[in-house]
Amino acid sequence: MPETTSPLTAVVSSLKEAQRRGELSSAELSWSLAALTGRRGRATTRTKGADRTDEILDAAARVFRRRGFHRTTIEGIGTQLKLTKAGVYHYFASKQEILEAICERAIAQIESDMAAALRQPGDPLVQLKGAIECYAEILIRQDSAAVLMRHFDEQSETVKREQTKRRKAIELTLRQKLEEGVEQGVFDGGDTRVTGLAMVGALNWIFSWYERDGRLSAEAVREALVSLLLDGVLARPPD
Amino acid sequence: VKQDAPEAAIHAEKIDDVLRRAAERGDISGSQLEWSIRRLAGNARRGNPRLGGRDRRQDILRAATTTFARRGYRHTTLEDIANELFMTKAGIYHYFSSKVAILEAIVEQAMVAAEDAVATGTAQRTTPTERLRRALRNYASVVLEQEAQSVSFSHFDELSSQVQAALNTRRKTIEAALRKVVEEGVALREFEVKDSHIAVFGILGAINWCCFWYDPGGRLSAEALVGELIERVLNGVVSRGPRSSVAPAPNHHLGRND
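So the protein sequences, as listed, match chains W and Y. Following my numbering, the numbering of the first sequence begins with 1 at its first residue and continues without gaps. Following my numbering, the numbering of the second sequence begins with 1001 at its first residue and continues without gaps.
Same shape as in the complex, but just chain Y:
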């Protein structure tokens, strides 16, 4: 009466579903899920599946970014990062001397990416309006699409003061590049702002803050959000027509820094 054969049949898709649900609940990580599914399908070899022939340093940074974003830097251990990659802690130490060194590398890369994004946009040979639009679009795409950005915004305080200073220099480069375009636009009467420094700070704030609320799985695609944000920054909210602001801008320059 035993019916071994049908019972022994393995429904791989069921196992996959079980794993996917576990991943949805957060019981296993995304990379654990991905690897297990590949392994079950016979597409991954035993041993260290995530790392075969890849850049391990980048793998570690990617895994750490996801883990920091999910649990926060303070609640993440090197073991957590190692587990994510099926590595040992010693394996991680081969590439990075400490958890903070990993965070610093993530933040540094994120800032370099942001700086490049802005530089590419502002280097275009076209009107200030178009250059500002492109620079902001590039910058916003980097901010929204790379988890590293939100990790670096939320964990700035964990960095050593030297690294903070280095990052602030990059931040200032980004601000200066955007300010230059804004000022050129003002000179050509394409733009009208009360203060170019403050305008750039405001624009960057509107974009950076998206890191904290944007949900990639939500109703709005990153591309749509970027488009919407930039049009808002350029046009404001008041219906097009004369400016709504009170009185002409007085001379606020008090002769302090800058």
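Okay, chain W solo, but in the shape it has when bound:
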């Protein structure tokens, strides 16, 4: 055969590039790759396919959060959706690939929600508050974010490296906002790197204690955490 390079190579790599730039979600990427390479036969039901991928990721995130990654099987994920094991394999090559897509989705959401919050009009305090509120909100409500925090290490080295870069970039935006606030006198000085990481840590840790049917509503949990991070524990003078 003279032709050794598949005509798809360039398409595939440009899709992957687009995903890296954040223009496509990983679910969209894996769906289009599966469709293009014929793994899923003819690509007739585009949205249906993408929806299915999302459904699998939602179900898997729910099960991983509840039972843990290692104790979950592909069958277990399929059962949630009345899919067979083969049905799940149609969309994802392995349990690890599912985990990686879940983590990717969580990071992408944190990135976009935080960026939006930090762009809000207002002073650094308003913007920082908005940013940590939506970070907390994602950690509280999204199974995928809890899975990201709990099972980050189970991903492949390449994926971890790439995601670590993006998580550091998220931390950096918080830190820059802190510095802006220090300059304007709304925030106390101190080591902004430590402060930023302390905030992120307090929020990331939500995964290890938050219970959906606990004593407090999701809003109350978020409010209490944000108030701790902004105002600390020590009483302040009244207005």
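Hints are not guaranteed to be accurate.
[Unchecked claim] Residues from chain W shown here face chain Y by an in silico Cβ test under 10 Å; the list is partial: (1) 59; (2) 66; (3) 69; (4) 78; (5) 151; (6) 181; (7) 192; (8) 197; (9) 198; (10) 215; (11) 229.
Because the hints were derived from the structure by calculation, they are not lab data. We put the CB at the ideal spot given by N, CA and C, even for glycine.
Assemble chain Y onto chain W, guided by the hints.
This is chain Y only, laid out in the frame that chain W set:
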């Protein structure tokens, strides 16, 4: 023309340097380096150098902690741990029945250390502010200075459910001790929090997360980091003055657990 003598001279420091570079590259482990240097200097006897007259069980736990931290639990074999100590696998089995038994012992010790650290701090006879500060300082020092803590945070899922349950009990003891101080501080109007449970979870998260990013060789000493973290937790980030939070806290207690 042969000049045997100068050539035969051995520059021990060169060999040490070679070994140090190998250790930096990760080709040999820290304990292998340490032992080889001692051995080259004639300070270690043949045989099982790491273990002479020491507590072998603790040696195994220490070596396993380092190896788990470096490679991850799943990628570590009992041979890796044995090699680290110049022991055989059978030698390890003498002390521990399995890899998971080693992990469990590490995690258990780490939690006991954390619990003691908090208990010592909260037992002081002083103001809630000072007690909270000391308890958190003790706890954070244990978390940052003992690799065992980060090993136990990252490998919780590998433990059996009985061990997980036992650890959760210890975790709850730590949380309850801190919560008590927070609540006393609130009663005395030294503290102001929207919810003492959530405040304690948030504080512990800020400290625990350090395990994943703190670099002991970096710009910040563990002591400086602990100090900085605790002041941040106590004071918050908003410049001191009236609280920034919106509206007075509504009654969120919905009557579920706790």
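Hints, verified against the model:
no., hint, verdict
1, 59, "violated, 19 Å"
2, 66, "violated, 12 Å"
3, 69, "holds, 7 Å"
4, 78, "violated, 22 Å"
5, 151, "holds, 8 Å"
6, 181, "holds, 8 Å"
7, 192, "holds, 9 Å"
8, 197, "holds, 6 Å"
9, 198, "holds, 4 Å"
10, 215, "holds, 4 Å"
11, 229, "holds, 7 Å"
The structure is inconsistent with the numbered hints 1, 2, 4, although it conforms to all the rest.
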